[in-house]
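S.K.: Once you've looked at the hints, dock chains B and C against the given chain A.
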Amino acid sequence: MVRLKSRYLLCEVCVSDRSNLLLLDDRAIYTATKAAVARAHGDYGAALSSLGFSVKYLNAHTGIVFLRCRKSHYRLIWSALPFIASLENRGQRVPCFLNCLHVGGTIRTCQKYLVRYNTQQLHRMLPFCQSEAERSEIRKSLLSCTLKKEADDVDEEEDD
Amino acid sequence: MYPELAKCPRSLLVCEKSNFEHEKSRHDTHVSKHYFNHKVSVVIPECGALSSRLATVINNFSKYFLVKNLPVYEFLDKDFLKNVVWNGALYALSYKTSIDQDNTIALLPSSQLILSVDKDTYEQLGLEGKPSQYNHRQPMRYVVTIDLTDKSMDPEGKRYQRVLSCLKERVPLKSDFLLGRHNSGANGDRALQSLLSRYQWKEHRPVVSSHTLKDLPCPSLHALDLRGDQRSCDPHSFLEWLGAVSAGVSCDNTAASFLSTYICPEPQTLVSQALHCTVSGLLLPEDIYSLLQELRRYFDEPKFTSWLSLTVHGFMDSPVSWGDAEHGFHKGGENFYNLVLFKNQDYWLHMGTGSHDRCPP
Amino acid sequence: MRRADIKDEPATYERLVYKNTSVYHYMRISLVLENENTRLSAAQLKQLIVSGLRDLYGEVGSAFPFDLLKFDARALTGVLRVYNSGLVKLWSALTLLGSYQNERCSFRVTQVSPFLLTLSGNSRELELELD
Numbered sequence: 001m002v003r004l005k006s007r008y009l010l011c012e013v014c015v016s017d018r019s020n021l022l023l024l025d026d027r028a029i030y031t032a033t034k035a036a037v038a039r040a041h042g043d044y045g046a047a048l049s050s051l052g053f054s055v056k057y058l059n060a061h062t063g064i065v066f067l068r069c070r071k072s073h074y075r076l077i078w079s080a081l082p083f084i085a086s087l088e089n090r091g092q093r094v095p096c097f098l099n100c101l102h103v104g105g106t107i108r109t110c111q112k113y114l115v116r117y118n119t120q121q122l123h124r125m126l127p128f129c130q131s132e133a134e135r136s137e138i139r140k141s142l143l144s145c146t147l148k149k150e151a152d153d154v155d156e157e158e159d160d
Numbered sequence: 161m162y163p164e165l166a167k168c169p170r171s172l173l174v175c176e177k178s179n180f181e182h183e184k185s186r187h188d189t190h191v192s193k194h195y196f197n198h199k200v201s202v203v204i205p206e207c208g209a210l211s212s213r214l215a216t217v218i219n220n221f222s223k224y225f226l227v228k229n230l231p232v233y234e235f236l237d238k239d240f241l242k243n244v245v246w247n248g249a250l251y252a253l254s255y256k257t258s259i260d261q262d263n264t265i266a267l268l269p270s271s272q273l274i275l276s277v278d279k280d281t282y283e284q285l286g287l288e289g290k291p292s293q294y295n296h297r298q299p300m301r302y303v304v305t306i307d308l309t310d311k312s313m314d315p316e317g318k319r320y321q322r323v324l325s326c327l328k329e330r331v332p333l334k335s336d337f338l339l340g341r342h343n344s345g346a347n348g349d350r351a352l353q354s355l356l357s358r359y360q361w362k363e364h365r366p367v368v369s370s371h372t373l374k375d376l377p378c379p380s381l382h383a384l385d386l387r388g389d390q391r392s393c394d395p396h397s398f399l400e401w402l403g404a405v406s407a408g409v410s411c412d413n414t415a416a417s418f419l420s421t422y423i424c425p426e427p428q429t430l431v432s433q434a435l436h437c438t439v440s441g442l443l444l445p446e447d448i449y450s451l452l453q454e455l456r457r458y459f460d461e462p463k464f465t466s467w468l469s470l471t472v473h474g475f476m477d478s479p480v481s482w483g484d485a486e487h488g489f490h491k492g493g494e495n496f497y498n499l500v501l502f503k504n505q506d507y508w509l510h511m512g513t514g515s516h517d518r519c520p521p
Numbered sequence: 522m523r524r525a526d527i528k529d530e531p532a533t534y535e536r537l538v539y540k541n542t543s544v545y546h547y548m549r550i551s552l553v554l555e556n557e558n559t560r561l562s563a564a565q566l567k568q569l570i571v572s573g574l575r576d577l578y579g580e581v582g583s584a585f586p587f588d589l590l591k592f593d594a595r596a597l598t599g600v601l602r603v604y605n606s607g608l609v610k611l612w613s614a615l616t617l618l619g620s621y622q623n624e625r626c627s628f629r630v631t632q633v634s635p636f637l638l639t640l641s642g643n644s645r646e647l648e649l650e651l652d
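Residue numbers (the numbering used here), protein chains in the order written: chain A, 1 to 160; chain B, 161 to 521; chain C, 522 to 652.
Isolated chain A (complex conformation) (with noise of 0.2 angstroms):
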């Protein structure tokens, strides 16, 4: 059988409020990236990327997104993801940047990565906390959260 391959870039969009990250939408990463992309490879490249690429997933909360193309032009979309400064939605500009944390080849390698990442993150993080009670304040949150996340993600392979 011959399918279409695809490849999934898992990425970060990091801004200075997190609070402005509520404001994102699809809409608005995608007409970013095709802005982004038709600057840096113009019209060629724009209407390259544009067959089969779609924004697969976003969580507001996080800032993380899914975006999907296809297998032969991702490095089109890839480097052209830089030069993003800023994402707009209902006229508000919100200054950020695109940070591409993992390119795979399927939705499920990407999660598997998300997941190692946040752990990482996560470890990262811990020595910051300025007390116990915090610390366990975070312990409690996180095994409350990761149940719920683990859900979240079974739900969207079933929709891919």
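If you're looking for bench data, these hints aren't it; they were derived computationally from the structure.
We treat Cβ as the ideally placed atom computed from N, Cα and C, and that holds for glycine.
Take these hints with a grain of salt, some might be off.
Said to hold, decoys possible - Selected chain B positions facing chain A (in silico; Cβ < 10 angstroms):
1. M161
2. Y162
3. L165
M.R.: Just chains B and C now, kept in the frame of chain A:
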């Protein structure tokens, strides 16, 4: 970023180094086998005007004829075959026919008639041929080669009648032709005149133009260093420079210039003047050979320059390049050779072709 | 080869075959403008081509050098030199270029060759009169 956009058609450049006095030197065959020449240009550094001997040779280039709407079967006329074609001195090439879209016809001095035709014509024609080497997937072009000296082409023979009827009745191929003929007897002249008298024709002379270039940066060459490692520049840059001279491209640019960064290749010298002389038309290999012999004698008297160059461009739309090697157009249809002559009778020969051509001999 | 080895003796036979070693391609182009009285300089022409490239291939895709070797401002013809890898991009950008300062225009590519030398010997330009 786009690997599919970075590809470009193939090109070939063959460089040879030898001496005119070597027994095995093949310069004469290379010149005489390149049948259809469109333009010759000579570049002589440190020279102000053509010497009278050179001018005589150039002005003696054979005249050629342009004939309108000449049917191909006229070449098979018995009298014409006997007196002109078989004497092996007739060059005929269809004029203003593009080898990549029209039917192109050539008659070589080796008495081979070559019809490079598209698929439809080939199928109607009913003559045996081969699909062109440079077809893309499906053959859309065929090459029919008829050897007129072959026994089966005897005017009484069956095959002769068949070829004649194909060209006369099935598909009356006709085209404008350029005819060139190296002198060979009165009978030939008569036969040729009787052919011409039936059609519209005009005699043309090769067009000569020459001009002197002043203060020209000029690459210095050394006969033994063909590759361009030490004391010469490499063949591609040399040919580029020659091209720049004949196209009138200026060499005084800096690396930061917006428009062009082309400069004369190193090692270079500045020559106070250089002669650039071109001849164009249908030029016969015999004439080019006599020009070459005259240029070899240029160094008999002491001269300032250590080299001079002779460039010969072939017709882009000729169905053959060297000998009977098939030639195609693709993107440029280039087939040319360039001779660099040195003081001590050494020479360099550069032969270049584009993508639809076999490697030069 | 060391310099001392080169002497003035007759050259021995040597044959080199270069395949695809020409780094450049050369193009002869001409610009056709709607209004025949419009004049433009060499720098303006190059800027026009660069902007056409940028439209089609963007800032990254059009970042390759090419040279305008020669330009005839009266006939609006020129000779371009481009690296092999940029040939297809340049050619396609020229084809799709359609306007100069809000005026319709088009580029005609007359000849393309890996040798600059052949641009001066175009047999398709041989014009012969019958009368």
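S.K.: In ascending order, which of the hints set out earlier in this document are inconsistent with the structure?
M.R.: Violated hints: none at all, because every hint is consistent with the structure.
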